[in-house]
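Let the sequences and hints guide you as you build the complete structure.
Each chain, written out:
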Amino acid sequence: MSGALLETRSLSRVFWQRRLGRPVQVRAVSDVNLTLGSSGGEVLSVVGESGSGKSTLARLILGLDRPSAGNVFYRGEDVARFVGAKRRQFRREVQAVFQDPYAIFNPFYTVDRVLAQPLRRFHLASSLHEAQQRMEDSLRAVDLRPRDVLGRYPHQLSGGERQRVMLARLHLLRPQLVIADEPVSMIDAALRTMFLNILLDFRDAGMSCLFITHNLETSYYLGGNALVLYQGRVVERAPIDRILHAPKHPYTQMLVSSIPVPDPKKRWKTSLPESAIESGETVGSAGCPFLVRCPYAMEVCRRQDPPMMSVGDGQEAACFLLADRGGVRGSMAPMCKAEESG
Amino acid sequence: MRSTHWDGRLLAGMVITGLIVVVAASEPWLAPFWSGAAGPTAVGIFASWSHPQWAHPLGTNQFGQDILALTLLGLRNSLVVGLQAGILGTFIGICVGFTSGYFGGTVVDEALRTVTDAWLVIPSFPLIAVLAAFVRNLSVTELAIILGIFSWAGAARAIRAQVLMLRSMAYVDMARLSGAGHIAVIGQELLPNMYPYLGVGLASSIMGAIGSLVGLSIIGLGQNAFSLGTLIQYGLSEGVLSIGFSQIIVVPVLILIALFVGLNLINVGLDVQFNPRLKGSKSRG
Amino acid sequence: MERRGAVPHAPQESQLADSVPNTALRAARIVRRRRVLMVVVRRLGGYVLSIWAAFTVTFIFFHLIPGSPIDAYAQQMENQFGQQVPLSSQVIAFWNKEFGLNGNVFEQYYRYLTNTLLRGNMGPSFIAFPEPASELIFHALPWTVGLFGSAVLISWIMGLVAGLLLAWFKDTVVAPTLTTLALAGAQIPYYLAALGLVFLFAFILLWLPQQGAYAASLTPHFDFRFIGSVLKHSILPGCSLVITSFLGWAISTRALVVSIMGEDFLLYAEAKGLRTGTILRHYVLRNAMLPQITGLGISLGFAVNGAYLVSYIFNYPGIGLLLVNALTQLDYNVLEGIVLISIVTVLTANLLLDLCLPLVDPRIE
Numbered sequence: 001m002s003g004a005l006l007e008t009r010s011l012s013r014v015f016w017q018r019r020l021g022r023p024v025q026v027r028a029v030s031d032v033n034l035t036l037g038s039s040g041g042e043v044l045s046v047v048g049e050s051g052s053g054k055s056t057l058a059r060l061i062l063g064l065d066r067p068s069a070g071n072v073f074y075r076g077e078d079v080a081r082f083v084g085a086k087r088r089q090f091r092r093e094v095q096a097v098f099q100d101p102y103a104i105f106n107p108f109y110t111v112d113r114v115l116a117q118p119l120r121r122f123h124l125a126s127s128l129h130e131a132q133q134r135m136e137d138s139l140r141a142v143d144l145r146p147r148d149v150l151g152r153y154p155h156q157l158s159g160g161e162r163q164r165v166m167l168a169r170l171h172l173l174r175p176q177l178v179i180a181d182e183p184v185s186m187i188d189a190a191l192r193t194m195f196l197n198i199l200l201d202f203r204d205a206g207m208s209c210l211f212i213t214h215n216l217e218t219s220y221y222l223g224g225n226a227l228v229l230y231q232g233r234v235v236e237r238a239p240i241d242r243i244l245h246a247p248k249h250p251y252t253q254m255l256v257s258s259i260p261v262p263d264p265k266k267r268w269k270t271s272l273p274e275s276a277i278e279s280g281e282t283v284g285s286a287g288c289p290f291l292v293r294c295p296y297a298m299e300v301c302r303r304q305d306p307p308m309m310s311v312g313d314g315q316e317a318a319c320f321l322l323a324d325r326g327g328v329r330g331s332m333a334p335m336c337k338a339e340e341s342g
Numbered sequence: 001m002r003s004t005h006w007d008g009r010l011l012a013g014m015v016i017t018g019l020i021v022v023v024a025a026s027e028p029w030l031a032p033f034w035s036g037a038a039g040p041t042a043v044g045i046f047a048s049w050s051h052p053q054w055a056h057p058l059g060t061n062q063f064g065q066d067i068l069a070l071t072l073l074g075l076r077n078s079l080v081v082g083l084q085a086g087i088l089g090t091f092i093g094i095c096v097g098f099t100s101g102y103f104g105g106t107v108v109d110e111a112l113r114t115v116t117d118a119w120l121v122i123p124s125f126p127l128i129a130v131l132a133a134f135v136r137n138l139s140v141t142e143l144a145i146i147l148g149i150f151s152w153a154g155a156a157r158a159i160r161a162q163v164l165m166l167r168s169m170a171y172v173d174m175a176r177l178s179g180a181g182h183i184a185v186i187g188q189e190l191l192p193n194m195y196p197y198l199g200v201g202l203a204s205s206i207m208g209a210i211g212s213l214v215g216l217s218i219i220g221l222g223q224n225a226f227s228l229g230t231l232i233q234y235g236l237s238e239g240v241l242s243i244g245f246s247q248i249i250v251v252p253v254l255i256l257i258a259l260f261v262g263l264n265l266i267n268v269g270l271d272v273q274f275n276p277r278l279k280g281s282k283s284r285g
Numbered sequence: 001m002e003r004r005g006a007v008p009h010a011p012q013e014s015q016l017a018d019s020v021p022n023t024a025l026r027a028a029r030i031v032r033r034r035r036v037l038m039v040v041v042r043r044l045g046g047y048v049l050s051i052w053a054a055f056t057v058t059f060i061f062f063h064l065i066p067g068s069p070i071d072a073y074a075q076q077m078e079n080q081f082g083q084q085v086p087l088s089s090q091v092i093a094f095w096n097k098e099f100g101l102n103g104n105v106f107e108q109y110y111r112y113l114t115n116t117l118l119r120g121n122m123g124p125s126f127i128a129f130p131e132p133a134s135e136l137i138f139h140a141l142p143w144t145v146g147l148f149g150s151a152v153l154i155s156w157i158m159g160l161v162a163g164l165l166l167a168w169f170k171d172t173v174v175a176p177t178l179t180t181l182a183l184a185g186a187q188i189p190y191y192l193a194a195l196g197l198v199f200l201f202a203f204i205l206l207w208l209p210q211q212g213a214y215a216a217s218l219t220p221h222f223d224f225r226f227i228g229s230v231l232k233h234s235i236l237p238g239c240s241l242v243i244t245s246f247l248g249w250a251i252s253t254r255a256l257v258v259s260i261m262g263e264d265f266l267l268y269a270e271a272k273g274l275r276t277g278t279i280l281r282h283y284v285l286r287n288a289m290l291p292q293i294t295g296l297g298i299s300l301g302f303a304v305n306g307a308y309l310v311s312y313i314f315n316y317p318g319i320g321l322l323l324v325n326a327l328t329q330l331d332y333n334v335l336e337g338i339v340l341i342s343i344v345t346v347l348t349a350n351l352l353l354d355l356c357l358p359l360v361d362p363r364i365e
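Residue numbers (this note's numbering), protein chains in the order written: chain A, 1 to 342; chain B, 1 to 285; chain C, 1 to 365.
Check the hints yourself; a few may be wrong.
[As the list claims (entries may be wrong)] Below, simulated SDA-like cross-link-like pairs (lysine to any residue); rule was C-alpha separation at most 20 Å, straight line: (1) K86(A) / H182(B); (2) K97(C) / T114(C); (3) K232(C) / L205(C); (4) K97(C) / E107(C); (5) K232(C) / Q211(C); (6) K232(C) / S150(C); (7) K86(A) / A184(B); (8) K97(C) / Y112(C); (9) K232(C) / Q108(C); (10) K86(A) / A180(B); (11) K232(C) / T219(C); (12) K170(C) / G8(B); (13) K232(C) / P220(C); (14) K97(C) / Q108(C); (15) K170(C) / V107(B); (16) K170(C) / A180(B); (17) K232(C) / I154(C); (18) K232(C) / F222(C); (19) K97(C) / L117(C); (20) K86(A) / R176(B); (21) K97(C) / H63(C).
No wet-lab data here; the hints were simulated from the structure.
Okay, here's the thing in structure tokens:
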């Protein structure tokens with residue numbers, strides 16, 4: 001397994017919440033396995049709605065949070081065991097871009113800090129002058145003018161500028177792997193394309209990327225493999241064009257069908273087939289997590305959590321509908337062609 | 001964050017508190033004007049029970065001491081003890097609050113929070129009073145330490161809540177990704193954003209400590225620290241209100257009220273000035 | 001944040017009930033009843049545990065204090081008779097037994113727990129020997145609870161009304177000024193207010209009596225003169241508590257109401273054409289009450305603690321005066337008893353609050 005750049009094995013994170021004075025388990029991430037190859041320049045998208053545990057997964061991989069069970073391996077070594085120089089190297093090589101381009105800046109300091117701090121901590125520049133030079137180079141690489149940015153406070157920059165500073169940070173640090181947690185969901189469309197293009201440039205230069213998003217279109221733009229997360233569990237995994245064109249899991253089908261179609265004559269699909277479960281019915285914890293929302297729920301779905309089932313072409317999904325190889329009942333053809341959504 | 005507009009309440013509080021502090025700090029130079037070179041506590045220098053006059057603006061007491069000089073001395077001592085105790089209390093509060101908040105949700109946090117909550121439930125005044133009554137001849141510093149030890153819990157709870165909120169900020173994650181360790185995160189990322197709250201904590205601790213100190217003096221404990229409360233206690237025991245020397249009680253009470261108003265305005269002002277949540281609601285409404 | 005825009009008091013369950021089969025509903029009710037019972041049992045357990053912890057801490061505290069009650073007693077004798085009283089070993093042994101100080105620490109602790117916790121017996125007092133300390137405390141308690149309990153209640157109600165008005169008229173000129181004044185005065189200690197009131201009303205204006213709980217010429221009787229005297233004597237000490245704590249309630253109520261007034265459901269209520277009075281009563285006040293009820297519970301718990309000095313200044317025969325008397329005579333047992341009763345009231349108030357709040361707050365199951 002040492003061939004992988006990043007690998008998680010049965011990764012789980014349980015939070016305890018107090019309800020009515022007694023602790024209740026909330027499974028944010030549950031038994032997630034994912035792999036990013038070591039060849040460099042690989043992209044893996046993680047797609048899921050808000051609350052599906054995406055951000056928790058990012059924090060676990062980055063070592064910002066400890067898993068309740070399972071492990072994260074970076075180049076075959078357990079991230080939780082990194083100390084000292086190993087840990088510093090891991091920090092240097094694995095970086096992140098977060099969703100909110102404002103919250104990542106400490107309002108107490110100037111914007112320089114997010115660039116200067118890693119340079120200093122990772123001993124990347126031999127002199128102050130060199131550090132300054134490298135910071136300016138990286139800012140120019142993302143189309144920012146250094147004198148517009150350096151010495152400013154975060155609130156003096158626009159949202160797009162702030163997010164580009166984060167890209168400059170990637171340019172500066174040249175990480176092996178970047179975990180991008182919804183990096184474009186809070187910036188406008190024009191900037192989004194530019195951001196993704198810069199990310200693709202970096203990919204071509206050998207940087208691998210774990211791209212976390214709720215938006216199938218952006219992950220299609222980046223290409224590579226994708227996995228779909230529902231309530232902390234992987235429900236489907238496949239190359240991204242298979243996900244878009246031949247989704248197998250009912251949840252993925254729902255996601256794909258809700259992509260808006262750029263055709264004024266066509267109504268966006270607003271209503272989904274009704275769930276097979278009566279509202280108010282209590283559902284045990286044993287069954288499929290998607291049970292209550294699933295239009296095709298069967299008896300077996302209540303009793304058992306469906307395992308991952310392969311359907312070929314590197315695609316697999318966790319759904320009992322695939323057990324008889326009969327494919328998905330009912331026709332739910334994808335509503336859009338991928339070319340339209342770019 | 002860096003607005004140039006200052007909250008009026010913060011300014012008013014700082015002016016009131018500043019004036020009182022300046023007067024108290026210059027007591028060693030001011031008091032001799034009325035008490036003479038022997039100092040405010042020297043006995044029998046002037047006539048007893050003289051009414052207010054030019055040489056003694058507030059008159060003298062039974063022992064021929066100048067009341068204005070005594071009031072200044074009491075104010076100075078009250079502030080010194082309050083400041084020492086407040087700093088100690090805030091320091092303990094910072095240590096406990098930061099540790100508890102930073103490791104929020106862990107066993108460490110659970111334990112510290114239990115202790116803090118218990119400390120808040122304990123009626124502190126009788127305990128301090130019992131200590132002061134049984135340990136005779138408490139020095140001024142010892143008294144300040146006791147007051148400080150009993151006044152940290154409120155600050156700790158407020159700081160914990162704040163740290164818990166700040167800790168989840170993305171810039172903390174960013175700093176850790178930039179290679180910062182726990183200590184660097186606490187010191188460089190969290191602490192600077194906490195300064196206003198530390199100010200609030202300090203002001204509250206000082207208010208609590210001065211309140212307890214004066215209270216102790218009023219019931220005749222902790223006599224080594226000649227505070228404004230000592231004057232009040234003297235006034236009550238001599239029945240000065242009925243013999244026309246009410247200034248012995250009224251002046252210290254007015255000074256203390258002004259001090260509490262000033263410190264509390266600083267508290268409120270700091271919160272309004274630096275709390276982004278309050279700012280947001282202001283622009284919304 | 002998720003709760004924003006939702007009306008916390010909207011009925012929800014009744015609609016749901018129709019679609020759920022009857023048996024399932026009944027089962028759910030049984031489950032919930034069992035769960036509520038579990039919570040009550042757990043809360044009671046926690047209460048007993050914290051009482052035990054508080055008693056233990058108090059025991060340790062009083063044992064760590066330098067000196068012993070016997071020394072204090074000898075000192076007492078010395079002060080009273082102006083000469084040294086040599087204590088024979090017999091006398092010391094007698095006093096040790098009387099104060100529960102014989103045997104090792106664990107025996108003392110065991111005896112202390114069984115005596116205080118189970119029998120409410122705190123040993124004899126000094127100040128009124130041989131009357132038991134608990135007797136003194138239970139004589140003082142009704143005065144304190146009566147006076148300061150009602151003062152807390154009055155200031156709570158006044159604060160609620162004042163806060164509502166301050167919030168409702170927040171766009172006028174007057175209300176913000178008053179709010180600032182309230183903010184400025186809210187932290188002034190009770191005893192300063194007490195001293196100010198005594199000076200003003202008992203010495204300058206001569207309107208009200210300056211000390212005591214009733215006129216010295218009267219003996220406690222249930223007649224109009226006595227009750228009138230009690231009420232008259234309680235005005236000043238009561239007001240010294242009401243004045244400052246009412247400001248605090250007004251500020252917190254104002255903040256709550258202002259934040260509620262920004263909510264969407266209020267806009268909706270206004271759009272529906274409801275009258276101002278109805279909106280204030282049913283939407284604003286109801287939602288502002290809940291956190292304030294919590295606060296009231298905590299304050300009532302502290303009513304025994306809050307105003308020792310007020311009681312002393314007015315020579316009011318409550319816990320505060322007893323505390324000062326016990327302090328000057330180093331009365332161990334009475335002091336220990338006061339500390340214990342103070343803790344117990346706070347904890348009990350918290351317990352009652354925990355158990356009762358779910359009855360009024362629909363957000364807690």
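Just to be careful, I want the Cα atoms of K86(A) and R176(B) compared with a cutoff of 20 Å; is the pair within it? Satisfied, since the Cα-Cα distance of roughly 15 Å is no more than 20 Å.
Under the criterion that the straight-line Cα-Cα distance not exceed 20 Å, is the pair K232(C), F222(C) satisfied? Holds, at about 15 Å.
Is the hinted pair K97(C) and Q108(C) satisfied, with a Cα-Cα distance of at most 20 Å? Distance of about 10 Å is within 20 Å: holds.
Decide if the proposed pair is consistent with the structure: K232(C) and I154(C), CA atoms, cutoff 20 Å inclusive. 16 Å, holds
Take a quick look at whether K86(A) and H182(B) sit within 20 Å of each other, Cα to Cα. 17 Å, holds
K97(C) and T114(C): Cα distance at most 20 Å? Since the Cα atoms of K97(C) and T114(C) sit roughly 15 Å apart, the hinted pair holds (cutoff 20 Å).
Quick one, are K86(A) and A184(B) close enough, alpha carbons at most 20 Å? Distance ~19 Å between K86(A) and A184(B) Cα, so the pair holds.
Hey, K232(C) versus P220(C), does the alpha-carbon distance stay inside 20 Å? Answer holds: K232(C) to P220(C) is near 15 Å, not above 20 Å.
For a C-alpha distance cap of 20 Å, please report whether K97(C) and H63(C) respect it. The given pair, whose Cα atoms are some 16 Å apart, holds under the 20 Å limit.
Restraint check for K232(C) with Q108(C), where alpha carbons must lie at most 20 Å apart: 46 Å, violated
Hinted pair K232(C) and L205(C), Cα distance within 20 Å: 15 Å, holds
Does A180(B) sit within 20 Å of K86(A), going by the straight-line distance between their CA atoms? 14 Å, holds
Checked against the numbered hints above, the structure violates hints 9, 15, 16; every other hint is satisfied.
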